[in-house]
Structures are given as C-alpha cells and as structure tokens.
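Visitor: Just so you know, the protein sequences line up as chains X and P, in that order.
Sequence positions in the first sequence follow the numbering used here and run 1 to 148.
Sequence positions in the second sequence follow the numbering used here and run 149 to 241.
I should point out that these hints are in silico values taken from the structure, not numbers from a laboratory.
It is possible that some hints are incorrect.
As the list claims (entries may be wrong) - Subject to a maximum C-alpha distance of 25 Å in a straight line, what follows is the list of computed SDA-like cross-link-like pairs (lysine to any residue): (1) X:K9 <-> P:L155; (2) P:K191 <-> X:R102; (3) X:K116 <-> P:V192; (4) X:K110 <-> P:S158; (5) P:K184 <-> P:N173; (6) X:K9 <-> P:I164; (7) X:K70 <-> P:I162; (8) P:K196 <-> X:E88; (9) P:K167 <-> X:Q22.
Unchecked claim - Example chain P residues on the side facing chain X (calculated, C-beta under 10 Å, incomplete): (10) K159; (11) I165; (12) K167; (13) P179; (14) G193.
To be verified - For the chain P half of the interface with chain X, some residues (derived, Cβ under 8 Å), not all of them: (15) P161; (16) I164; (17) D166; (18) L169; (19) V176; (20) L177; (21) F178; (22) V182; (23) V188; (24) I189; (25) K191; (26) V192; (27) P195.
From the three backbone atoms N, C-alpha and C, an ideal C-beta is built for every residue, glycine too.
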Amino acid sequence: MQLPKYQLKSGRELLSYEFISQGPKGLIEKRIQFTLLNQEEVYNLAFGDKDPITGEIDDLVVSNNGDSEKVLSTVVSAVYAFCDKHPEASIFALGSTPARTRLYRIGLAKYFDEIKDDFEIYGQLEDQWELFEKGKEYLAFLAQRKLS
Amino acid sequence: MKTIEELNTSKVPIVIIDKSLDELNDVVLFPEKVEKAKEVIAKVGLPKKIALPQTSVSPITDHGNDPFVVKKVEEAKSFFQKNGLNGLPKSVK
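Only chain P is shown next, with the shape it has when bound in the complex (with noise of 0.2 Å):
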C-alpha cells in the first residue's frame, strides 16, 4: 500500500470510481477521430518498437522443432532404454 506521501507526489491520479461510466466503455464517444486514428495507422503504420511481429511464435513449438533439444531428447530416450532407471540417482527414483 502506497503511503501519503507517496500518493502526493505520484504522477498518477487518485482516480474516483464511478461505476456508472463503464456502459460508456461500450459507446465510441468520437467515431469520426476513431475511424481517422485507424486511417493512420492503416497508412502508416506503428514505430518499429511498438508494432508486434506478424506471427507470434509460440515457445513450445519452438523448441519441439529445435535439432538441440531433439538431439537431447534422443540421448535420454537411448539412456533410459539401456539403463532404465537404474543410473539415476536415488533421490531422483
């Protein structure tokens, strides 16, 4: 919890909740700059650091596909299948 002082010397704002205005969350108060903000965007585009990549990768399937983690993979495959789990430590049984 923020203390006093640091609630005085914030940047941001000690906001009051009204409840009321979230039905205006759903209500485009100004079509017209809405539409000529996306014209812009459309036209433009967004600075390099703040547009997202076209295809969002997902981690996991990266590594699935990744020749290390295959390679290690198969070397524990190969492990297990020889010493089962007889080479593995006792805490790890």
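Just chain X, same shape as in the assembly (with noise of 0.2 Å):
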C-alpha cells in the first residue's frame, strides 16, 4: 500500500534530506539526516524543522501541522530510499524526548506490517535488544534492510 508522503530532496550520498510539510500552518522545511555513528555501518537517524530565520534545525519544536502521518510516512520513505543506497547499514533512531520515542514507537508499530517484510526491527529495552513487538515501551530503535 502506497501511503502519501512529501518529495524528498537529497544530496547524492543519500544522507541529508529536505520536504516541505504543508498544512494549516502554512509551509515548514524539514530535514533528515543519516549520521555515521561507527565503522561498523551504524547511522543515526535524526530529523527536525528548519527555522526559516536562522536556517537551524529544532528537533524539539511541535509544529502541529496536521501532517503527522504525512510526515512519519515521508521519514519511512526516506529510509528506504536510504537503504537502497547503504543496502549494509544499520539505522538506530531514539526521540529527542521520552514523548517523542513514543511517537516513534506508535509509527512504528502502525506501519509495522507493511515494513516488516523489508526490515529486521530491534526495540532496546534497557540494556538489551530484541525483536520488535508492538504495544512494549522501547526507549530506542535499530533497523536493518533485509537482504533478498
């Protein structure tokens, strides 16, 4: 199933993207990047708005633009089209805040059957990892592209 997501834009390693959410809030540039965190092919996802003055990221601001779903749908996208390229690497991804993981965890958990046939998902639950489960409070997340 096709869900709707933004165009994504991004330099031509595939690590740092940009969309633009639409919604009663007017236009909000946001942006993704994968950031190496080890040589054993480890990145780290991360996304946040762009402040239109100063040009920063803020990956704590809720700019409640009606999009969520949009947005978490365009992330996935991302990841894939991020994974097409890095085909061997390892995704973790971990909230800003608690309130965030959260989101992260009910995304999750809501598109996990139509991601599960093409990652292996890991949910840390304190100081271990195991295999994605829906509905158990994970406090960060690791995927990996399964290889056909």
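Could you use the hints to bring the two separately framed chains together as a complex?
Guide: Here it is as structure tokens:
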C-alpha cells in the first residue's frame, strides 16, 4: 500500500534530505539526516524543522501542521531511499524526548505490517535489544534492511 | 531500468537530487542526538545479528594456515619435484 508522503530532496550520497510539510500552519521545511555513528555501518536517524530565519534545525519543536502521518510516512520513505544506497547499513533512532520516542514507537507499530518484510526491527529495553513487538515501551530502535 | 509500474509500486521513493545538500553531509545537524545514540550503543551494544565480530579474519591468511591446504601444497610440491611437468596433461603444459 502506497501511503501519502512528501517529495524528498537529497544530496548524492542520500545522507541528508529535505522536504516541505504543508498544512494549516503553512509551509514548514524539514530536514532528515543519517549520521554514521561507528565503523560498523550504524547510522543515527534524526529529523527536525528548519528555522526559516536562522536556518538552524530544531528537533524539539512541535509544529502541529496537521500532517504527522504524512511526515512519518515521508521519513520512512527516506529510510528506504537511504538503505537502497547503503544496503549494509543499520539505522538507529531515538526521540529527542520520551514523548517523541513514544511517537516513533506508535508510528513503527502502525506501519509495522508494511515494513516487516523489508526490515529487521529491534527495540531497546534497558540493557538489551529484542525484535520489535507492538505494545512494548522501547527506549530506542534499530533497523536493518533484509537482504533478498 | 525500472518500468513505470515498478516505480509506482516501489517503496523506494523517487528522490530529487540537490547537490547543495551534499554540503550537509559533513555537518552534524543533531549533535546531541548523535552523542546520545553513541552512549546507548556503547552501553547496550548491538543486536547479535547486526554486530560484526571483534576481529575480522582474512580468508586468504586462514587458508594459508589450514593444515589441509598445507598438506596438499606439500603433496603438490613433492609431485612436481618427482615428475616435473611430465605428469601433467598436454592441455595444461
């Protein structure tokens, strides 16, 4: 099932992305970045709003533009694009606040059936990882593309 | 090349390439999150399926020390010392 998502722009290495959220609060430019954490091909996934005046990226702001599902779908599509270019990579994701981590968990649970055939997804519980299960309060997430 | 139908149904999106965004690759936009991520991984590690082994072994070096390989090499050397190339089929000489 193709979910609505925004058009992505990216550099040639598909590490940094931009897209524009459209809603009642107008146009909000958002950025997604995959940052290499270590030599084991583990990348951190983060995204936030670009301040139109300063140009800085804020991952704490709540923009409330009425399109959170479309934004999440767009981030998921960026993950697919990134993994298409970097098939050996693993992706780590952690919310900037506990509330955001919970939002990621809800989003993962919602889209789990769509993505479980393509990704091995893990959730962190205190000091260990386990395969992601809906309904559990994970602290962070890790995903790796399944190689066909 | 993918067909239109394949592009429409693919989960990999069509991404517009903007070379100016390459400049961001060397800029860590979310340094606190990156540091936090490193802390978590340092503390918890990675799932076993994802974590690479601590030491990576070169297959070539390994085979060089494999007793079976060493034995076969010695047998081959002994054969050539005894027979030279005369023992080989004409197609190989």
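Visitor: Confirm or reject each hint.
Guide: Here is what the structure says about each hint:
1. X:K9 <-> P:L155: 17 Å, holds
2. P:K191 <-> X:R102: 21 Å, holds
3. X:K116 <-> P:V192: 23 Å, holds
4. X:K110 <-> P:S158: With Cα atoms ~19 Å apart, K110 (chain X) and S158 (chain P) stay inside 25 Å; holds.
5. P:K184 <-> P:N173: Satisfied, since the Cα-Cα distance of roughly 19 Å is no more than 25 Å.
6. X:K9 <-> P:I164: Status holds; Cα separation ~5 Å.
7. X:K70 <-> P:I162: 16 Å, holds
8. P:K196 <-> X:E88: It holds: about 15 Å lies between the C-alpha atoms, which stays within 25 Å.
9. P:K167 <-> X:Q22: 24 Å, holds
10. K159: 5 Å, holds
11. I165: 6 Å, holds
12. K167: 6 Å, holds
13. P179: The hint holds - P179 (chain P) has a Cβ within 10 Å of chain X, the shortest such distance being about 9 Å.
14. G193: 8 Å, holds
15. P161: Where the cut-off is 8 Å and the nearest Cβ of chain X is about 4 Å from P161 (chain P), the hint holds.
16. I164: Status holds, d = 5 Å.
17. D166: Hint on D166 (chain P): holds, closest Cβ of chain X at ~5 Å, below 8 Å.
18. L169: 4 Å, holds
19. V176: 6 Å, holds
20. L177: Status holds, d = 5 Å.
21. F178: At about 4 Å, which falls below the 8 Å cut-off, the nearest Cβ of chain X leaves the hint on F178 (chain P) intact, so it holds.
22. V182: Result: holds, 5 Å to nearest chain X Cβ.
23. V188: 6 Å, holds
24. I189: Check passed: Cβ of I189 (chain P) comes within 6 Å of chain X, closer than 8 Å.
25. K191: With a minimum Cβ separation of about 7 Å from chain X (threshold 8 Å), the hint on K191 (chain P) holds.
26. V192: Holds, because the Cβ-Cβ distance from V192 (chain P) to chain X comes to roughly 6 Å (cut-off 8 Å).
27. P195: 4 Å, holds
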